[in-house]
Structures are given as C-alpha cells and as structure tokens.
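Once you've looked at the hints, dock chain B against the given chain A.
Taken in order, these protein sequences are the chains called A and B.
Just so you know, we're using the numbering used here here: the first sequence kicks off at 1 and counts up by one.
Just so you know, we're using the numbering used here here: the second sequence kicks off at 1 and counts up by one.
These aren't lab readings, by the way, just hints derived from the structure by calculation.
Predicted model, so just to flag it, every value in this text is computed and none were measured.
There's no promise every hint is true.
Stated by the list, open to error - Pairs of lysine-lysine, PhoX-like flavour, derived with a Cα cap of 25 angstroms: (1) B:LYS147 to A:LYS74; (2) A:LYS350 to B:LYS399; (3) B:LYS393 to A:LYS74; (4) B:LYS393 to A:LYS355; (5) B:LYS400 to A:LYS300; (6) B:LYS400 to B:LYS6; (7) A:LYS74 to B:LYS2; (8) B:LYS399 to A:LYS355; (9) B:LYS241 to B:LYS147; (10) B:LYS241 to A:LYS74; (11) A:LYS74 to B:LYS6; (12) A:LYS300 to B:LYS46; (13) B:LYS241 to B:LYS114; (14) A:LYS264 to A:LYS193; (15) B:LYS303 to B:LYS280; (16) A:LYS74 to B:LYS9.
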Amino acid sequence: MKARLLFNSIKNNIRIKKYTRIAICILLFLYTFSIPSFVGRNPFNIIPYVLMVLLILFVVFHFVFFKKNIQIPKNLFIIPAFVSWALIGTIFYSHLFRSWLSLVLISITMMVFYFSFLIVENPFLTFKIIVFSMLAFSLYFLLVYYKDIINFKSFSGESFRLGGYFDNVNSIGSYFYFAFAFSTFIAFFGKKKTDPIFAVSSALFFVLGITTGSRNFLLVSVVSFFAIIIFRYWKKKIILLIILLSSIIAFIVLINLPLFSVVKERLTNLLNSFLFGFGASGSIGERSLWQQYGIYLGSKQMITGFGTGGFSIFSGVGTYSHANYSEIICNYGVFGFAIYYGNILYILYKSILLKNRIVKISSIFMIMFIASSFSNIFYTAKDTYIVFAICYYLINNVKQESFELLKIRFNKATIDELEVVI
Amino acid sequence: MKIFSKIRKILMNKKIERKDRLVFSVLLCSFFVVLIAIFPTCSLLKETKIEDCACQMSELVRNNTSSKEYVSVLVESINEDDSPIYSPREEYLSLHGAFRESKITYAGVVNANKENFICAPEIDSQTNLSFLYANVFSNVEYNNHWKHEYYPLELMFKGDQTTGSRYSFVYISQSQADSLLNKKGLISSEKNYQDLIGTSITILINSIEYEYAISNIYYEFNYFYEGLHEVMGNFMVGFTKYPEPLKKQACYFMRNYEFQNMFYMNRINSLYPNENYIVKVNDFNLIDKTINTDQYLAFFHIKEIGFNVLGISILILDCIAFVTLLSVSIIKRINQSNLFLLCLVPASLVPYLLFKFLFILTNNVFVFSKFATLANLVFVIIIIFYICFFFIKNIRHIKKEENESTFIV
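Looking at chain A on its own, in the form it has when it is part of the complex (with noise of 0.2 angstroms):
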C-alpha cells in the first residue's frame, strides 16, 4: 500500500519528471565526452562504463514512473540480429567471445541512447549536448596538445599526428569528424537564429581533425560537408552550386600551401591506393590489399564468416584489414555483410523518404559510413551506435508532416513553398 502511495506519487511529480530528464541530458554529455577522454586511457576506460550504467539507470527509471506506452520498433533489432548472427561464425571458428561481447554491450549502448533521446524529446537539443561534449573533449585536446599545435611546423613535419594521448589516432579522427558533421548539420540546419554559430565549432573540429593525421577524417568530413550542403541547398541551385565551387577551390588552395604538406601527401596516397591499389611512392597498399584478402577469406566462408576478430586471426596478419566491408564480409559472411549494410540503407531510404529537415542528417551519416566503408572500421566503434540510435530516433519518431498542418505553421499556400522552407 504504501509502495502504491509512493509509486503514484513519484508517477505524478512534474518536478522529478523533470529533474529525470535534466539529469538524463548529463549523464548524455558526460559519456559521450568520456568516450573519447578516457575509453583508451588504462585506468579511466572504466568511467564511460559507469556513466552508462547510471544512465541505463535514470532510463529505466524514467520509462517505469513516467512512459505509458512504451513501443520498442522492430527495426532497433536489426542491430541485435547481426550481433546474434556474429556468434554463429565465433563459435565455430574465431573463438574470440570476448570480442563478440563487446559487440553484445554496444548494442546494448544503442539501445539506451535511443530510449535516452526518446525521454530528451528534443533532436536539436540532442546534437547540441553532442557538440557541446565534443567542444568539451576539443578543450581537452587543446591543452594536452597546444604546444604542437601552436608550432605550426609540426603540421608539416614527419610526426604530427596528434592524439596517441587519448586513443588510436584514427579512433581519435572519428570522433571529430562525427562533430563536424552534427555541428555543421545545426549551423546550416538549425531554425534559431544563433545556430550559424555552430560553423565555429564545425571549424575547430575540422582543424583538430586534421592534425590527428587521419586520412579517413578528411574523407569523411569533406563527404559530410558536401553531403550537408546539397540537402541544404537542393532547391537553391545556383547556391548550391557557388557554394560547392568556392569550398572545392579553398580546399585545393589549402591543401597546396606548404603547411599542409603532410597532409596532402596523406591524401594523394589515399586517393591513389583507391585508385590504382597502391602509394603515391609505388609501395604496395597494405590497406587496399588487406580489403582484397578479406574478401578473398570471405568468399571462403561466405555462409558464417569467420566469427569476431577472424580476418586478424586466419590471415596471418595479426590485425583487422582496414576496411569495414571487407572486415564485415570476412568476419561474418555474406548475410553478416547484407544485415549490417541493408541496415544503412534502410535508415538512408527511410530518411530520404521523409520530408522533414532534421530526418536529413540520418541520411548524411549514412552517406559518411558508406565512404568511410572503404578505409576505416567502424561496427566496432561505441560512437557508431551513437549515431545509429539518433538516426532510429528520427526515423521512427519524427513523422512527415501533413500538407495541412504545415500550411497552417508556416503559413505558406503552395507545396513547393512548403518544400522550400522544409
């Protein structure tokens, strides 16, 4: 009785409703400042653990006292389903459980985000908290690292990549590209009139971005910028146009000073091992080979796959192979790869199916994964999920807009004025 009394009576206080959320909208800032603070750093990776578990905390919390309803959509299981397929090829070959739990808790991490964001209610505030935890991560990076940063010379020098402090420095340029592109999406997306402010930190985080020397990082993040400005300006062509035009000529103009030697060197070699397989030097491409001997494994095993970590352990080459599709493919078959990648393009038709502004970054990240699919790994990353569970959020929760409604709100008397302004 007195339980009831006490449940109704948390049930019905606006105020620790309110003060859920709050607190909610922190434990999102902290862990996702945490991830890239502290996940590589021997003792601290334990504190992005702790934070998740007071979330799962205040979630659960949150969802007893205060949802009615709660629908859990049957597209959030796609993740879990390739984690389960992931076990089959583990069992029988990889033996590497360890790894295959760590996919197991991630997917579980994306299933807490995308409960999390359904209490925030807010998309918008939601990137913010992102962005606002990423400039706090920047703030730490820059004082970890200001002395290389403000020698300018070391951009140009053999050893600039800067954050081996933190984690992988390639981990390091992900989570910086992925600022970017949250960043950029509210400065160019944003409805409140100080949201261009936002192309300021899109700035920093390109900047840092480039000094951890991940050449996956410039792809992405010029993907992402060009991918933001063509949803943006679709309907305006002839900005779109001058917009493209003017970033591509300040891109090559950047990238040609001496400051960015390094860096464009890093980049020509990219492209050329794309294209022709191998380095701007005539070295063969470790990466581009190691994707064609991933696949090759693949094709070996195409029913299971080899199980988590099988490409390190039955290629001879003691490490994953670089690539994200050959990786998939290697580790867990062919149905692994159509579960995992027909999840991205579910999410991109979704997105792209539905005529609302903020639907669109799930489409730009989409587009990034896809590019990034090439020269990084990321279905092992904690921030991929971030990302999946924001773009689960929109697509399930945020709905098309009716021709009626939106006449009403924007008070504008055609669809195509409507399109406009959507």
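Relative to chain A, chain B alone:
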C-alpha cells in the same frame, strides 16, 4: 497455429497461374545452373592454377619444414646484364609490411640454395655460406646501436663501406666475429670487435680465394635474421658485385597462407615476365629434400592462354545470364511471389555448399577457386538484396490489401 497460417498466407501471397508455373520452375533452375556453372568455369582460369600452386606451397610449409614458417622461392636471371634482378631496396620496401605481422617477406640473396661452395676458412671451412646483398648502406641509428638502411638487420657499428676496396666488403655475424677472435686467442669484447673492422678476411668461392674487408658486425636476433637463417643458414652481408658463377637471387618467403603466396607468385610473374629468368624452390630448410619441387613452380609464366580466354568468356556469359534472369523475374512479375523468393535462397546457396563440400573431400582448389567463390559472393549478395527488397515490398502490399479489405467491410 496462428503463426503457421500467417506464414502460409505470406508465402502464398500470389497464386501462381498455370502458365507462370513453367516460368517459375525454369527461373529457379536457371539461377541454380548459373551459380553452379561458375565453379567449373573458373577452374579454367590462369589465376586458379596460381592458387593451386599457392595452396601446395602452403602445404609444403606446413608439412615439410620444422618451423612451419617459411619456404623460400628464388628468382635468378640467366643473363644478369640483359635481365637484371629488381633492386632489392625497392622490392624490400614495397613488400615490407604487405602482410603486417613481423615476418620476413623478401631479401636479395646470393647462393641461398648452396649450389656453390662458399666458406671463410679463418672462421669455418666446412660451413657453406650465403650472402645477403644490398645496394645501399647508409645505416641508421637504432636503440643505441645501428640498423641497415632498409633491411631490419641490427648492426654493431655504423659501418663504412669504403673500407678496403669499394665493393669487396662484408658484414659478418657476431658468432662469426667471435669465432675469428677465438682463433686469434682474443676474448669477445667491444674493443676487439671494433679492431676487427677494417681487417681482411679470405673467402673461398668454389675454391678460388677472394679478399674481403670486414666492414661491420651484425647481431643475430630479430625476425629478419631468424627468417633468413632458417632458409639459407649462415650468411654474410655484401654489396651487389659477385664473381662468376655466383648470381644475385630474389628471395621470396612463402608462408602457410594461400593468399599471401598467391600475392608473391603474381608479383614474381609481373616483375620477371620473360624467359630470361628461372625460379627455384630453395630446399635448404625442407625436411624431405628429395621431393620434386617443379609442381610448386607451375605458376611461373603459365602458357595455356587458351583456357584462360575460354574461362573468362564463359564467366562473362554467366554474368549476362544472371542479369537476364533477374530482369525476366521482374518483367514476368514472378518476384511478386514470396514462394519464389523463398525458393531462391536454396537455389543460390546450394551450389556454393555443394562445391565447398567437394573441396573439403578432395582438397582440390580447382573445384573451389578464388574467382569462383568471389563471383559467387557477388551474385549471392545481389540475390539477398533482391530477395529482401521484393519481400518487404510484397509484405507491404499484403498489409495494404488487408487494410483496404477491412475498410470496405
């Protein structure tokens, strides 16, 4: 029971008319045949023959070496002036790290297969020596000692290749240096090692004496030394000039991984494309040296181009047939039947499973070659996406019809 009826309803979403039953069956059988045909077709290709050699090489490494690490393949030029061996520096740097795990991939060597007798009587008159040769000796600092400019061979001193005659210098191993010092009644100390540098050493090459200057001493540790020592025993390091009949050899380290071996074999074929070169399997580290190694070298300059062209032609026809079948299934609207989509799953997977089973039984690469499995992979991925796309579309159509019929009621 409700679930079964629902499944039945989904599978029987479209009634197959009598006239379409033939198309239904023919399409399924055709998919099956197209996917099965890939395997014998690809057995005709040149790449499959190389893959077969690579697999046999892997077996040789696994079954006929004590360490199960390497078997070396040597490439020699018949006439070095007309057809030189590729620069060891360029080739080593190209291949180093190709397959990352710290294993040796390539070295420029001389007398690795011990066809000639080379010894240093002052050290040991019985041991047949080989040479590791290099064209650059700008040694670099490394961990309080030195390292060769590109080979990861660790050295005691910086080394001065102009000691003595410009070309007649060698780097000897620490054991060889110890042996020299021992014979002189000296202990092995840094000073004594240093004193050895610049002294001359007599090397017998097929009983002819040559004077070399000792220019450096290398350490006998790390994966590079161990790999070299495994495939050619004791060696010295020298420059690029050697008296007749010694010849420079490009030494590729084959391993227990078929893909890696295929890569090296294709590399050999591309760098040494004409008949002025010969390849040999170096049997120094083989347990059974009497085996015929010619079968492992069949990858070199495959001449049967006719079968390759035939194989490629049939493969192209196969691809065209596959695309045609997909198009026909869409045009004839057979894809609207979920039963057809379901039957397509075994039709596309059974050929692969069949040939995989055959491969496990026979261990013959020709029934399960790289090109066949790759082509099969691509076709199956396309089929899976095709099935998923139309299956979801059909389900939506069923739901729409259900909603409409409910509304009418």
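Against the structure, the hints come out as follows:
Simply put, LYS147 of chain B and LYS74 of chain A have alpha-carbon atoms about 60 angstroms apart, too far for the 25 angstroms limit, and the pair is violated. Taking the CA atoms of LYS350 of chain A and LYS399 of chain B, the gap is near 18 angstroms; set against the 25 angstroms cutoff, the hint holds. The straight-line distance between the Cα atoms of LYS393 of chain B and LYS74 of chain A is roughly 16 angstroms, inside the 25 angstroms bound, and the hint therefore holds. Between LYS393 of chain B and LYS355 of chain A the alpha-carbon distance is near 21 angstroms, which keeps this suggested pair within the 25 angstroms criterion.
The suggested pairing of LYS400 of chain B with LYS300 of chain A is violated, with an alpha-carbon distance near 42 angstroms, which exceeds 25 angstroms. Pair hint LYS400 of chain B plus LYS6 of chain B holds up; C-alpha atoms about 15 angstroms apart against a cutoff of 25 angstroms. A threshold of 25 angstroms between alpha carbons decides the hint, and for LYS74 of chain A with LYS2 of chain B the separation of about 20 angstroms falls inside it, so the pair holds. Under the criterion of a C-alpha separation no larger than 25 angstroms, the hint pairing LYS399 of chain B with LYS355 of chain A is consistent with the structure, at around 23 angstroms.
This hinted pair checks out: LYS241 of chain B and LYS147 of chain B have alpha carbons roughly 22 angstroms apart, not beyond 25 angstroms. Of the supplied pair hints, the one linking LYS241 of chain B and LYS74 of chain A is violated, its CA atoms being roughly 72 angstroms apart against a limit of 25 angstroms. The straight-line distance between the Cα atoms of LYS74 of chain A and LYS6 of chain B is roughly 18 angstroms, inside the 25 angstroms bound, and the hint therefore holds. With a C-alpha separation of about 19 angstroms, the suggested pair LYS300 of chain A and LYS46 of chain B falls inside the 25 angstroms cut-off, and the hint holds.
Between LYS241 of chain B and LYS114 of chain B the CA atoms are separated by roughly 18 angstroms; this keeps the pair inside 25 angstroms, and the hint holds. Annotation: proposed proximity of LYS264 of chain A to LYS193 of chain A is violated, straight-line Cα distance about 36 angstroms (limit 25 angstroms). Among the hinted pairs, LYS303 of chain B with LYS280 of chain B is consistent with the structure: their alpha-carbon atoms are about 18 angstroms apart, no more than 25 angstroms. For the given pair, LYS74 of chain A sits about 21 angstroms from LYS9 of chain B by alpha-carbon distance, which is consistent with the 25 angstroms threshold.
In the structure shown, a violation is registered for the earlier hints numbered 1, 5, 10 and 14, in ascending order.
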